[in-house]
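Visitor: Protein chains in written order, with our numbering: chain H, 1 to 343; chain A, 1 to 664.
It should be emphasised that the hints constitute simulated quantities derived from the structure, not laboratory data.
Please note: incorrect hints may appear among the correct ones.
Stated by the list, open to error - A few chain H residues that face chain A, going by a derived Cβ cut-off under 8 Å, partial list only:
| hint | residue |
| --- | --- |
| 1 | V142 |
| 2 | D146 |
| 3 | A151 |
What the hints assert, rightly or not - Chain A residues, not near chain H, derived (Cβ > 10 Å throughout):
| hint | residue |
| --- | --- |
| 4 | A133 |
| 5 | H313 |
| 6 | R314 |
| 7 | D425 |
| 8 | R434 |
| 9 | I460 |
| 10 | E461 |
| 11 | G495 |
| 12 | G502 |
| 13 | G585 |
Here the structure is a predicted model, which is why all the values come from computation and not from measurement.
The C-beta atom is built at its ideal place from N, Cα and C for all residues, glycine as well.
Chain by chain, the residues run as shown.
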Amino acid sequence: MNGLSRTRPPWLATAVVLLLSAAIPAAAATPGETIAGAARSVVKIYGAGGVRGLEAYQTGVLVTPTGHVITVLSTVLDSDTIDCVLDDGRRFAGRLIGADPRRELAVLALEGEELPALPLAADQPRLGAGSRVLALSNLFGVAVGDERVSAQHGVVAAVVPLDARRGAYEAPYRGDVYILDCTTNNPGSPGGALIDWRGRLVGLLGKELRASTSGVWLNYALPIDEVAKAYDDIIAGRATAPATTATERFDPAVLGVILVPDLLDKTPPFIETVRAGSPAAAAGLRPDDLLVAVNGRAVPSRMAVQQTLGGLAAGDPVHVTVVRDGMIVDCDLGPRPAREGGR
Amino acid sequence: MATVSIVPLNGSGARRGAVSPAVALSVALVAGLALVAGLALVAGGAALAPRWALAEEPGGGGGAAPPPATPDVVLGAERDRIAVMARASAAAVAIFAGEAGGGSGVLISPDGHALTNFHVVQPAGVAMKCGLADGRLYDAVLVGLDPTGDVALVKLVGRDDFPWAPLADSDTVAVGDPCFAVGNPFLLATDFQPSVSAGIVSGIHRYQFPAGTILEYADCLQVDAAINPGNSGGALFDAAGRVIGINGRASFEKRGRVNVGVGYAISANQVRHFLGALKGGRIVDHATLGATVATADDGRVVVSDILESSDAHRRGLRYDDEIVALAGRPVRTVNAFKNILGTLPAGWRVPLVYRRAGQQREIAVRLAAVHAPAELAALVAGEGGPRQRRRPGGPRKPPAPGDEPAPGEAPEAAPGRAEPPPLPDALRGLHESRPGYANYHFNVVERQRVAAAIAGHHVIERPAGPWRIVGRLAEGEVFRVELSAARGSIDLPTGTTSVDAGGELDANPSPPGSGGLLAALLLWRRLLLDGPDALGRTTYWGTVPGATVPAGRQAGAGADSLPFADVLESAVAGVEVRFSVAADGSIEGIDLWMAPDAEPCEVRFETGDRAANGLPQGFVVEHAGTTFGRFRIDEVVMEPATESATEPGTVPGAGDADGDGGTK
Numbered sequence: 001m002n003g004l005s006r007t008r009p010p011w012l013a014t015a016v017v018l019l020l021s022a023a024i025p026a027a028a029a030t031p032g033e034t035i036a037g038a039a040r041s042v043v044k045i046y047g048a049g050g051v052r053g054l055e056a057y058q059t060g061v062l063v064t065p066t067g068h069v070i071t072v073l074s075t076v077l078d079s080d081t082i083d084c085v086l087d088d089g090r091r092f093a094g095r096l097i098g099a100d101p102r103r104e105l106a107v108l109a110l111e112g113e114e115l116p117a118l119p120l121a122a123d124q125p126r127l128g129a130g131s132r133v134l135a136l137s138n139l140f141g142v143a144v145g146d147e148r149v150s151a152q153h154g155v156v157a158a159v160v161p162l163d164a165r166r167g168a169y170e171a172p173y174r175g176d177v178y179i180l181d182c183t184t185n186n187p188g189s190p191g192g193a194l195i196d197w198r199g200r201l202v203g204l205l206g207k208e209l210r211a212s213t214s215g216v217w218l219n220y221a222l223p224i225d226e227v228a229k230a231y232d233d234i235i236a237g238r239a240t241a242p243a244t245t246a247t248e249r250f251d252p253a254v255l256g257v258i259l260v261p262d263l264l265d266k267t268p269p270f271i272e273t274v275r276a277g278s279p280a281a282a283a284g285l286r287p288d289d290l291l292v293a294v295n296g297r298a299v300p301s302r303m304a305v306q307q308t309l310g311g312l313a314a315g316d317p318v319h320v321t322v323v324r325d326g327m328i329v330d331c332d333l334g335p336r337p338a339r340e341g342g343r
Numbered sequence: 001m002a003t004v005s006i007v008p009l010n011g012s013g014a015r016r017g018a019v020s021p022a023v024a025l026s027v028a029l030v031a032g033l034a035l036v037a038g039l040a041l042v043a044g045g046a047a048l049a050p051r052w053a054l055a056e057e058p059g060g061g062g063g064a065a066p067p068p069a070t071p072d073v074v075l076g077a078e079r080d081r082i083a084v085m086a087r088a089s090a091a092a093v094a095i096f097a098g099e100a101g102g103g104s105g106v107l108i109s110p111d112g113h114a115l116t117n118f119h120v121v122q123p124a125g126v127a128m129k130c131g132l133a134d135g136r137l138y139d140a141v142l143v144g145l146d147p148t149g150d151v152a153l154v155k156l157v158g159r160d161d162f163p164w165a166p167l168a169d170s171d172t173v174a175v176g177d178p179c180f181a182v183g184n185p186f187l188l189a190t191d192f193q194p195s196v197s198a199g200i201v202s203g204i205h206r207y208q209f210p211a212g213t214i215l216e217y218a219d220c221l222q223v224d225a226a227i228n229p230g231n232s233g234g235a236l237f238d239a240a241g242r243v244i245g246i247n248g249r250a251s252f253e254k255r256g257r258v259n260v261g262v263g264y265a266i267s268a269n270q271v272r273h274f275l276g277a278l279k280g281g282r283i284v285d286h287a288t289l290g291a292t293v294a295t296a297d298d299g300r301v302v303v304s305d306i307l308e309s310s311d312a313h314r315r316g317l318r319y320d321d322e323i324v325a326l327a328g329r330p331v332r333t334v335n336a337f338k339n340i341l342g343t344l345p346a347g348w349r350v351p352l353v354y355r356r357a358g359q360q361r362e363i364a365v366r367l368a369a370v371h372a373p374a375e376l377a378a379l380v381a382g383e384g385g386p387r388q389r390r391r392p393g394g395p396r397k398p399p400a401p402g403d404e405p406a407p408g409e410a411p412e413a414a415p416g417r418a419e420p421p422p423l424p425d426a427l428r429g430l431h432e433s434r435p436g437y438a439n440y441h442f443n444v445v446e447r448q449r450v451a452a453a454i455a456g457h458h459v460i461e462r463p464a465g466p467w468r469i470v471g472r473l474a475e476g477e478v479f480r481v482e483l484s485a486a487r488g489s490i491d492l493p494t495g496t497t498s499v500d501a502g503g504e505l506d507a508n509p510s511p512p513g514s515g516g517l518l519a520a521l522l523l524w525r526r527l528l529l530d531g532p533d534a535l536g537r538t539t540y541w542g543t544v545p546g547a548t549v550p551a552g553r554q555a556g557a558g559a560d561s562l563p564f565a566d567v568l569e570s571a572v573a574g575v576e577v578r579f580s581v582a583a584d585g586s587i588e589g590i591d592l593w594m595a596p597d598a599e600p601c602e603v604r605f606e607t608g609d610r611a612a613n614g615l616p617q618g619f620v621v622e623h624a625g626t627t628f629g630r631f632r633i634d635e636v637v638m639e640p641a642t643e644s645a646t647e648p649g650t651v652p653g654a655g656d657a658d659g660d661g662g663t664k
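Please build the complete structure, drawing on both the sequences and the hints.
Guide: Okay, structure coming up:
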C-alpha cells in the first residue's frame, strides 16, 4: 500500500488524499489515470431479467487477455445470449463456462485476443480495515456502449464473515468479505472490480444482499484470494455444480461432535458425546456443552448447526462457542473436513 | 429497465421523515470528520459484530504504536482544502420556499445572481428567502427558468459584493477527480450553515432518462459525494472551488430518499449555454434536431426518423444517414447524441457531420424548440399546476380578462401570468410579469446593457442621411449598397434591386437568392442609428457562440474559452430579426426571417480589424445552406441628414433623387 496509509491516522490520509491527490508524494498515477487504466478491464454484462427486482445487467472483470471474465452467478447469466461490452465499446458474446455455487461466482469466455485484463493475483495479503479502495461497476446500468463504468471511492471498513440473505434466499458463502463504506449494493454493481489506488484488482463486488440479522443492505466485496480460488476451481472443472438455494448440511459428527438426538423441530444442540481423538476432543469440547454459535453465527438448533457448517467450505476454520456450567467457552476445531462419505 | 426510482432533490417532504443516525453520521462523514470506526459501524451494522477489525491497519501497522508525525505536505494540503471549502461554502445559498420545501443554490456573481434547480424554485414562485453562511437572510427574486434542463437563476438583493464562485469548464472534468458538494441536505441549514460532502467524479457525459415528473439530465456529471434531498440546486465544486455542476438528482432504490452514492449534477457548460437567456428573464427551451437516431446493428448511430419540416432535412440530412459529430463533439452512441443535444438551446445553429455511402458531409443546422410556448408554460406551472401552486387560505381568483389560459390550466397556475403575492419591499420594482418570461424586468435590464454597448462601440453622425457602402465581392467585382430611412438598394454584377424601407419588409427578399439581405442591412442601420427600442418590439434573446469561434468547435469544446455573443430579437415591419452583438458592442451577425418558416438570411460580419467608426470590414451572406456572397467593404460614406431623409416612410422613393444609386 501507499506509504501514507501506514502513517495514520487513516481518516486524515483518506480525506486529504481524496480531495487533493497532489498530496500523495511520488504517486505514479492520478486517481483518474488509475481508474481509466483499470476500467478498461471492466465489462458491462447484459443477459436475462428485466422483471421487477431482477435487473438484466451486471458487471464483470476481464482476468485473462484471452477473454475470461469473472462475474457473479446470478439470473442475469440464465440466458442464451450474454452480451459483454468492453470499455472501448466492443461487444462480445459471453459463454458461461462454469460457476462456483458457493461463492456465487461465474466465469464467462469471450472470443478475443490481447484483451485488457486485470490479473487475479491471489497471493496478495488481505486488505485491512482502513485500506483505501475504488469500486468500478455499471451501477444502475448507467453506462452503455463505450461509456465508462462508474467509479466510487471508499475504504475497507471491516473484514468479517458474510452472513447475508435476500428475502428467503440465503447466501451460501460464509467466508470473509470486505465491508466497504461506499455504496456498492446498487443494481448492476455486482461483479464490479474493487481496486486499490494503484489499480490492482483486490476484490469483486458481491451480489445485492442484506445482513441476516439486521436487514441492512451490505456493501461488500469478496477478497481477491477467494475470487482466484473460485476462478481456479471453475477453470479446473471442480465447481461447475448448479447453484442451489437450499443450504447443504454438514454433520458435526465428522468433527467428533455427537449431538443429542434430533427429536423436535428445534432440538437444542447439546453435545451428547465427544469422540476420542477427534478434533472436538482435541479442542476440549465435552458432553453436555450447549453449542450457541458456530463461526460467530448463533445456532439455536441442531439443524442450524448442520446448516452453518454446511455453509463453510472444506478447509475453512471452524470456531465454536459453547455454554458450559453457565460460562461461555470458545473452541477452535481446526479446518472443516470435506463432506462426509462423498454425499 | 429496472425499477429504479429517480427522485428530484428538493427538500419538500424531507422534514416529515426522521433523520436516521446513519444519515446524521453520513453528514458528519462528508464534513471530513468521520473516523474509520464510525464508518464501520454504519457500513456493517449489527450483523457483523463478532469480528471487528478495528485496529488492523493495512500492512499491519497495529494500533499500539505511537503515531508518527504527520508530514507537512499533508497538513498543508488539508489547510488548503479547508480554505477552498470555506470559500465555496460562503457562496452557497440555502433556499427556503416556505411550506413548499426548499433546497440549495450557489452565487455566481458579486451582484447576487445565483443558480439553482427549476424544481427547487418552482413551488416558491417569484420571491424567496435565501440564507448565506454569513448567517443573514436575503430576499431573492426569480430571474430566469429552464424547466427542461431543471435550472433556474435567481438574484439575491441587498449587496453588490456577494461572495461567489466561478463556473469551471466542465468538459475538462475527468472521472476520479476529487469534488465536493455544498448545500442544504434535509434542509438542515436552519442556521444557514451549508453542509459539505466530498467524493470523486464517478462518471462524465452521463445521460439520465426522464422518469415520471423527473426531467431529463443530459451530459451530466455523476458523483459519489453524498447528494441527498435538499442538495438540489447546490453546486458541485472541483478541488479548486470552481463550480463544475449543479446537483439535481440521484438514483435511489430500496432505501428511501437517501444517498446511495449515485448523484447527478447538471454540467456547468450546459448552464453556461443558457445563462445569457436566463439572465434576460426568459423561460428558455431546449433543442430538437427534428430527427431521431438509433443504433444500427453494426453499432453506427443512424437517423431513424426525420421531419421533412426540420432544418436538418432542408440541409440534406436523410433517413439512415450516420451521425458522426454534433456541435463539434463526436457521436458514437445514442446517449452521446442525446447528451450533446440536451445541452443546447433552441435556436442555436450548430455544425452537424454525417456520413452517407462512405462520404462525410458537414452542415450547419438550426435547432428547433422542443416545446410549444403553451407547453413550456404548462411545464413551468407544473403538470399538477393547481396542486403545486396551492397556497393555504387563498381563494382562487377568476381569470382576468385578456388572459389566455394554457389548455387545461388555470391561468393563475402560470408564473409570469400569475397574480403574484405582494413582493417584499426589497424586491419592489424587480419583477414584471409577461408571457414567456420568468421575469421580464431583467429582459429590459439586459436589453439596455446591450444597447449601451452598441452605442458605445459605433461612432455615427446623427441625424443621418443615406449610407453608401462600396466594396468588392470575393471575385473582385464591385458592389454598392445604399441605405437610407426611406430605401435600400444594392448594385451587384447580377443586377440592381431595391427595397422600400418605409413599408413592410416581408414582401421583398431582395436581392434575389439572399433571403432578404437589403432588409437585414436596413434594420442594421436603424439599430445602429436609433438603438434597439426604435426597431420595433425588441427583446433580449440570450447568447449564441460568438462568431470569432471557428465553425466545427462551437458548443461544448473548451466552453470556458468561448466568447458568447448577446442576441437581440425584434419583430419589425413584418419580419423577424436577430442581431448578435459581441461583448465590445460590435455587431457580429444578423439572422432575418421574411416569414416564420422561411429560410433566414444570415449575415456574418467580418470580425477582424474594424474601421474607426466601429463598422465592419466585410460580411458574408448565407441563405438556404449556400453562400450568397462574400463582401469586402472598401468605404462607407455616411451622408449628413437632409430634410427629406430623416422621416422614415414619409417620402417613398426619395433615394431616387440622389441619382447615382440605381442607374448602372
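Visitor: Compute the least Cβ-Cβ separation between G585 (chain A) and chain H, then decide whether it is above 10 Å.
Guide: holds (42 Å)
Visitor: Find the nearest Cβ of chain H to the Cβ of G495 (chain A) and say whether that gap is larger than 10 Å.
Guide: holds (54 Å)
Visitor: Regarding the assertion that R314 (chain A) does not contact chain H, is the least Cβ-Cβ distance greater than 10 Å?
Guide: Its Cβ never comes within 10 Å of chain H, the nearest being 30 Å, so this holds.
Visitor: Using Cβ atoms and 10 Å as the threshold, tell me whether A133 (chain A) really stays out of contact range of chain H.
Guide: holds (19 Å)
Visitor: Verify this label for me: H313 (chain A) is non-interface relative to chain H, using a Cβ-Cβ cutoff of 10 Å.
Guide: Non-interface label stands for H313 (chain A): nearest chain H Cβ at 26 Å, farther than 10 Å.
Visitor: If we take the beta carbon of I460 (chain A), is the closest beta carbon in chain H still more than 10 Å away?
Guide: holds (53 Å)
Visitor: Please settle this one: D425 (chain A) was flagged as non-interface, so is its CB more than 10 Å from every CB on chain H?
Guide: Check passes; 43 Å lies beyond 10 Å.
Visitor: Does the closest beta carbon of chain A sit nearer than 8 Å to the beta carbon of A151 (chain H)?
Guide: holds (5 Å)
Visitor: Less than 8 Å between beta-carbons is the criterion; does D146 (chain H) satisfy it with respect to chain A?
Guide: At about 6 Å, which falls below the 8 Å cut-off, the nearest Cβ of chain A leaves the hint on D146 (chain H) intact, so it holds.
Visitor: Hold the hint about V142 (chain H) up to the distance rule: shortest CB distance to chain A must be less than 8 Å.
Guide: holds (6 Å)
Visitor: Measuring Cβ to Cβ, find out whether R434 (chain A) lies farther than 10 Å from everything in chain H.
Guide: holds (40 Å)
Visitor: Compute the least Cβ-Cβ separation between G502 (chain A) and chain H, then decide whether it is above 10 Å.
Guide: holds (58 Å)
Consistency with the previously given hints is maintained throughout, with no hint failing.
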